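With chain D fixed as given, assemble chain E onto it according to the hints.
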Amino acid sequence: MRRRSRSSWISSASSACGIALLLGLCALPARGQQIALAPQILYALTSIDTAPTKQDLEVVLASPDNELSLLRQYALGSSFDFGMRLRAIRAIPHFCPQQPVECRGAILAVLDDIDSATSSPGQKILRRRAAIEALGAARTGDPADRVRLASFLDDASRDIRVAAVRALRDLCDPAAMQPLLDHARGWPHEVDQVKLAITEALSVLSQCGP
Amino acid sequence: MPRAPHAALAVLAVTLGGCSGGAELGEACVRHSDCESSLQCAQHVCAPRCQRAPECGDGYACDEHGLCNLATGIIGAACTSEVDCSPGLSCQIQIDAANRLIKRCAQDNLGAPAGAACAADPDCRNGTCALGHCVDLCRINRDCGAGTSCMQIPHVEAPSSTFSGCLLTNGVLSWPIPTPPPGIPLLLPVPKEATHASVVVSTAAPRSAGAIRVAAPSTVPVFQLCPKDFDFACSEDAQRAQFYVNPLRHRRDVEMSVVSIPSTSASRLETGVYRVLVRSFHVDGSEGPPPSVTAVVRLGELSKLDLHFHFLDLADHPCAGAFGEAKLDRTSAQSEAFFQLDFLENLRSIFRESGPLTIGEVTYDDVARPDLDGLELAKSSALLALGSAGRGVNVFFVRNLSPVGIQAFGPNPGPAGLGGTPRSGIVVGIDTLCYRSWKQLARLTAHEIARYMGLYQNVEIGGQTDGIDDTDGSSGNLMFYSELGGTALSPGQREILRRSPVLR
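Chains as they are written, first to last, in our numbering: chain D, 1171 to 1380; chain E, 557 to 1060.
Just chain D, same shape as in the assembly (with noise of 0.2 Å):
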């Protein structure tokens, strides 16, 4: 895997950003970095109906075998476009075959930043969604995913609780059972909505093998 220095990364992506600046293609992230973002990368991580693919991230990002810490820097950036962070987050998974450890770090890090930043209460469960259904796309393996997806299942929020369970499903790891039969037994309390996907993801959880 071919890796810039942070240094020379900051340093090439300042003077980028002197001139794109004035095209309006940079943006301020958090932690003070400053990076280019050419509009294709921006739009691609706006799509309206399609979610980038893996071939599509690697045109777009130009910059082989860096793409994850691409994304973790847009996912994580706080002054880069919401929508397009969003997507950043979602489209993390595709590069977890290749980089497991990076991939699930890069994960587990916009899930604990999530409290941390600024942003509205709606936005947060979106991005707190997009991280779950990314830990479950990415199906590290890791026994500690399954413990963190779980503890999404008592969320205040139904939409944050239906991806949790999704996310469960998505492991197909019959062990993730468990935590979707012991949530089973607050059912009169719980959502239709809930209720829904648990069977069915208890449905398909049956079907995985250990």
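Derived from the structure by calculation, the hints contain no laboratory data.
Here the structure is a predicted model, which means the values were calculated and not measured.
C-beta atoms are modelled at their ideal positions from N, C-alpha and C, and glycine is treated no differently.
All the pointers check out, no bait thrown in.
Negatives, chain E to chain D, calculated, CB over 10 Å:
| # | residue |
| --- | --- |
| 1 | Gln650 |
| 2 | Ala676 |
| 3 | Glu749 |
| 4 | Arg763 |
| 5 | Asp785 |
| 6 | Ala882 |
Keeping only pairs whose Cα atoms sit at most 35 Å apart, straight-line, the calculated DSBU-like set for lysine-lysine is:
| # | chain 1 | residue 1 | chain 2 | residue 2 |
| --- | --- | --- | --- | --- |
| 7 | D | Lys1365 | E | Lys935 |
| 8 | E | Lys935 | D | Lys1224 |
| 9 | D | Lys1224 | D | Lys1294 |
| 10 | D | Lys1294 | E | Lys883 |
| 11 | D | Lys1294 | E | Lys935 |
| 12 | D | Lys1224 | D | Lys1365 |
| 13 | D | Lys1294 | E | Lys995 |
| 14 | E | Lys784 | D | Lys1224 |
| 15 | D | Lys1224 | E | Lys995 |
| 16 | D | Lys1365 | E | Lys883 |
Derived coverage of chain D by chain E (criterion: at least 3 residues anywhere in the stretch with Cβ under 8 Å from a Cβ of chain E; other residues may be distant):
| # | region |
| --- | --- |
| 17 | 1219–1233 |
| 18 | 1249–1258 |
| 19 | 1291–1297 |
| 20 | 1319–1329 |
Okay, now just chain E, sitting in the frame of chain D:
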């Protein structure tokens, strides 16, 4: 044609004897001059002058003076129009040995009247079934009923020949086409006045279905699955590449796909018979059982876009701030300014400028399907099948869409004119309102509606364009793939929208 038994009045008229000019409606008469100038003497009674032959009854023509004239054609007599044949007879088509259309008066069948649905000629009283409907033969518009016109219709059994028949002047016809045996194309007749034609190909999930070859009446293939004609077994990559080479855009899809003509500047709609080879595919790409097919043809000018809004359960929504912390449903949507002004008025404005199309009827409905409140794209068929409205576009508002980031989704193109199918509508995720305005939601909804109506993205992420000569790759275009795009459309794009059978 409906029959007009005036026998009793005729007897009365004869009993009363002759009358002088100026007789009023319903009064007895012997000749037309006996009646007021706006009336005619029909079977010895003064009656309104006709505008269309069917007003005169079976076996009559309506002449240029508005007078009904009894037809004299007997069985076997040559005819060109239904109005040439005596009562009880109809002008029917036979095909001779040289594949020419021969029209002669023949005894009416015990079948359905003109305009009724049919599968074959014997199903119709007048012996002619075309575009899935019983059709009267005609010479001029006056031979046809109100709302219909006399137009050239290709004959599917003699594809190089046309006949003149009465069809809707402005409207949409849809009918099932029996799937022919494997390797035999189905035939889609396109009349001269048609402005759009489509073929909807369906199968059961998880199989996919679609066309594998489409030949225009000029016999030129406008769509082929693979780079080499009549090769239906090339790689997925080759099929993807061929998609952008074909003059006609079409891509098979799980459960259902649509061949929509025209779809690009290079796929203008031709009059005549299209030959369409269809196929279903198993998940592994092997050939599946014959798919089912429905044809849709639009005739004339239509410009009203009906919208049917369906609301899933949006209670306790994280973005409720955008709708006054209340619940967005069919009731609030009809009364609250955020929906009527910020959303619907912006939609109206986009289509007014880009059509120009006007939003017609708008309906509102709540949908109780908790399993679909937060919709995974893979399950969109279950929701879209609830879109019962065939005319216009069904728009479903869900809490959110998965994967996160997808804001709206719909078939491209949709099965316009058909309700209750797994592709009958579009879906919009309301969680976009956590970070975008109602105006921006209107733009992306309009984008998705336009895709349903047959437009492709003016430029795709990979740089491919839509095949419409006068569009550019501008982000200011309504069909720009990003939510950060504009609302402009080129004349070529507007033309595709105006031709959509979604309109009424």
